[in-house]
Amino acid sequence: MTVKIYIPKDAAAIACGADEVAAAFKKTAKKAAVKIDIVRNGSRGMLWLEPLVEVEHNGVRYGFGPVAEDDVQDLVKAGLLGEKGPKGIKHKLAVGPVEDIPFFKKQTRLTFARCGLADPVSLPDYKRLGGYKGLENALKLKPIEIVDVVSKSGLRGRGGAGFPTGIKWKTVHDTPPQQKYIVCNADEGDSGTFADRMIMEGDPFVLIEGMTIAGLAVGATRGYIYLRSEYPHAGMALNAAIQAAKKDGYLGDNVRGSGHTFELQVRMGAGAYVCGEETSLLESLEGKRGLVRAKPPLPAHKGLFGQPTVINNVLSLAAVPYIMEHGAQAYADYGVGRSRGTMPIQLAGNLKHGGLFETAFGITLGELVDDIGGGTLSGKPVKAVQVGGPLGAYFPRGYFDTPFDYEAFAARDGLIGHAGVVVFDETADMMAQARFAFEFCAVESCGKCTPCRIGSTRGVETLDKVRAGERPEANLAVVEDLCNTMKFGSLCALGGFTPYPVMSALTHFPEDFGRPAKKLAAAAE
Amino acid sequence: MGREPWSEPRTRQIVTEHKGLEGPLMPILHACVETFGFVPQEAVPVIANELNLSRAEVHGVVTFYHDFRREPAGKHVLKMCRAEACQSMGCEPLVKRAEDRLGIKCGETSADGRVTLEPIYCLGLCATAPSAMLDGKIVGRLNEAKLDKLLKGAGA
Chain X
1 MTVKIYIPKD AAAIACGADE VAAAFKKTAK KAAVKIDIVR NGSRGMLWLE
51 PLVEVEHNGV RYGFGPVAED DVQDLVKAGL LGEKGPKGIK HKLAVGPVED
101 IPFFKKQTRL TFARCGLADP VSLPDYKRLG GYKGLENALK LKPIEIVDVV
151 SKSGLRGRGG AGFPTGIKWK TVHDTPPQQK YIVCNADEGD SGTFADRMIM
201 EGDPFVLIEG MTIAGLAVGA TRGYIYLRSE YPHAGMALNA AIQAAKKDGY
251 LGDNVRGSGH TFELQVRMGA GAYVCGEETS LLESLEGKRG LVRAKPPLPA
301 HKGLFGQPTV INNVLSLAAV PYIMEHGAQA YADYGVGRSR GTMPIQLAGN
351 LKHGGLFETA FGITLGELVD DIGGGTLSGK PVKAVQVGGP LGAYFPRGYF
401 DTPFDYEAFA ARDGLIGHAG VVVFDETADM MAQARFAFEF CAVESCGKCT
451 PCRIGSTRGV ETLDKVRAGE RPEANLAVVE DLCNTMKFGS LCALGGFTPY
501 PVMSALTHFP EDFGRPAKKL AAAAE
Chain H
1001 MGREPWSEPR TRQIVTEHKG LEGPLMPILH ACVETFGFVP QEAVPVIANE
1051 LNLSRAEVHG VVTFYHDFRR EPAGKHVLKM CRAEACQSMG CEPLVKRAED
1101 RLGIKCGETS ADGRVTLEPI YCLGLCATAP SAMLDGKIVG RLNEAKLDKL
1151 LKGAGA
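Protein sequences appear in the order of chains X and H.
Here my numbering is used: the first residue of the first sequence is 1, the next is one more, and so on.
Here my numbering is used: the first residue of the second sequence is 1001, the next is one more, and so on.
Bound-form chain X, shown alone (with noise of 0.2 angstroms):
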């Protein structure tokens, strides 16, 4: 008998030990004389119980977590490779059937549905749980009737903007034969988010097909991953799976037998948080500064080397062969109001249950933190939630009813961004997120436009003299002014969206500022 056993290769697991727990494993069976086969797959996303450590018997997949390496002796002794199985196993580690958690059962998984099945890289366990069968059938179709159907699936850019993607794929398709190019956004850099990351080490394939029929769709015969640099284990499962992929002719210049020619290539980002927005994102390709551009013109008339370019975020292009596979109505039937789908949310920061939680829109800003993230890690209450990453809002409680929705959190001047929820508990200090966010603007302006560049450092002086008690309402009034100048002189989101974090600690938090707590409801309206 031989015993499968699931670690993760997940960067969050192995981060937490997960290489030294397989290490173990083999070890250990090896002096139990205990025949073991360890697959090491993406994670399942319940990143509070990394290193998971799955044992499959009878078809079903036994969890413990989470597990160190001076656990395994412990967890053999106690029969996990026994010939009983683990179901039986009284054990402080053991969780059950996996995908029996509450915080698993609860998603609506259809970008993530194969993420931590089996290992991310490899081509035919991809096929054997689906894979490939969009591409398949955009095989048969006509490049516009492609266009037509990511179009009418409701799909919006989930790299934050929200933009329509069948938009931009329409664009791209109706300028005339040339050079173009599809160019995923992974420069995931966003603080609280990690969809990306785990999406392109735990099912690679998927977004490798949906750039290839985002290639088919709009004629782009080339492809660029631009990756960033934090994220090394990303890019070994990407390189690999694109091997993999070249290999039985997934890539390459005659896709299936079909004639069409697609090539993809990994390229690495360098340290700058600036080049997660398109243009900067398209410069830093082409090997230049990443300075962002005006727009117009449009990347999709005028994108990489000034070639008709799609830009999307991989969790956009990882959306697609789900609704090539299933048909635009399956995908538009989640959701609600314009944000249709699913989105891959990320539960981070102080969280008990941190981890990746695909739901459909919709779902309340509470239920997220309370009911699925289970309150704070530190077990203090909850002050401040910050979702979409540095450039996103502080919430209080009092908008924990917020529905996770494009429009509703732009109704309450927030933004989901990439959807990454950072949990603060009552120990946070706003007036220092606050004064964070302007310091972060400065660090990573790409410095072409002065809002941006020089109202984010005059916003730390600023704060930093309402800090030190130098006339803290006059000081205060400027800050609100730098904010407005920011939000609508800045070129791209880095400067007009750091106004969302600083103004949404005054508004909310005033007494962190030396205001009274009573102007809140003031302020709020």
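What the hints contain is simulated information worked out from the structure, not anything from laboratory work.
Idealized CB from N, CA, C, for every residue including glycine.
You may find that some hints are simply not true.
[Stated by the list, open to error] Taking beta-carbon pairs under 7 angstroms as the criterion, some of the chain X residues facing chain H (in silico):
#: 1; residue: 47
#: 2; residue: 137
#: 3; residue: 197
#: 4; residue: 272
#: 5; residue: 285
#: 6; residue: 350
#: 7; residue: 354
#: 8; residue: 355
#: 9; residue: 514
#: 10; residue: 516
Starting from the structure of chain X, add chain H where the hints point.
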């Protein structure tokens, strides 16, 4: 990280290896860091000459990106995440502890050249925060004990 001494022929070789790519400058600079440990000032005119760019253009790119260091780093590089998710889990006291231990500020290299301490803005390990990276090896759920072990491992 490479520690090969800089040489002009090796630089030209790196450029030649990447010249066929579209937009080869970023991959070339990454390769320089990988080979020499940093982008030496002397490499800039060589790369510019090979790619038919001005020195100013190459210099501009080198200085724009955090990854393209212009000085050699210490023997070990400890990057500590200081972004919001890690802040919510108390990364700042840990950064302070590392600074005190090494006797330097974040962004500097210890006097004995053993450890460079750098901030990093997000390793994408935000649900297992705080996070750090020592010589490319990632560490999650960082605490004082783990940090001390990392520092000890780096010889500090």
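Outcome of the hint check:
A distance limit of 7 angstroms between C-beta atoms decides the matter here; for residue 47 of chain X the minimum to chain H is near 4 angstroms, and the interface restraint holds. Of the supplied interface hints, the one on residue 137 of chain X is violated, with its beta-carbon coming no nearer than about 31 angstroms to a beta-carbon of chain H, more than 7 angstroms. A distance limit of 7 angstroms between C-beta atoms decides the matter here; for residue 197 of chain X the minimum to chain H is near 4 angstroms, and the interface restraint holds. The restraint placing residue 272 of chain X at the interface with chain H holds, with a minimum CB-CB distance near 5 angstroms, inside the 7 angstroms limit.
The interface hint given for residue 285 of chain X is met, as the beta carbon of that residue sits about 5 angstroms from the closest beta carbon of chain H, less than 7 angstroms. Because the beta carbon of residue 350 of chain X sits about 4 angstroms from the nearest beta carbon in chain H, less than 7 angstroms, this interface hint is met. With 7 angstroms as the threshold, the beta carbon of residue 354 of chain X comes within range of chain H, its nearest partner Cβ sitting at about 3 angstroms, so the hint holds. Satisfaction of the interface hint for residue 355 of chain X is found here, the shortest Cβ-Cβ separation to chain H being roughly 5 angstroms, below the 7 angstroms cut-off.
For the restraint placing residue 514 of chain X at the interface with chain H, the shortest Cβ-Cβ distance is roughly 21 angstroms, beyond the 7 angstroms limit, so the hint is violated. With 7 angstroms as the threshold, the beta carbon of residue 516 of chain X stays out of range of chain H, its nearest partner Cβ sitting at about 26 angstroms, so the hint is violated.
When each numbered hint is compared with the structure, violations occur for hints 2, 9 and 10.
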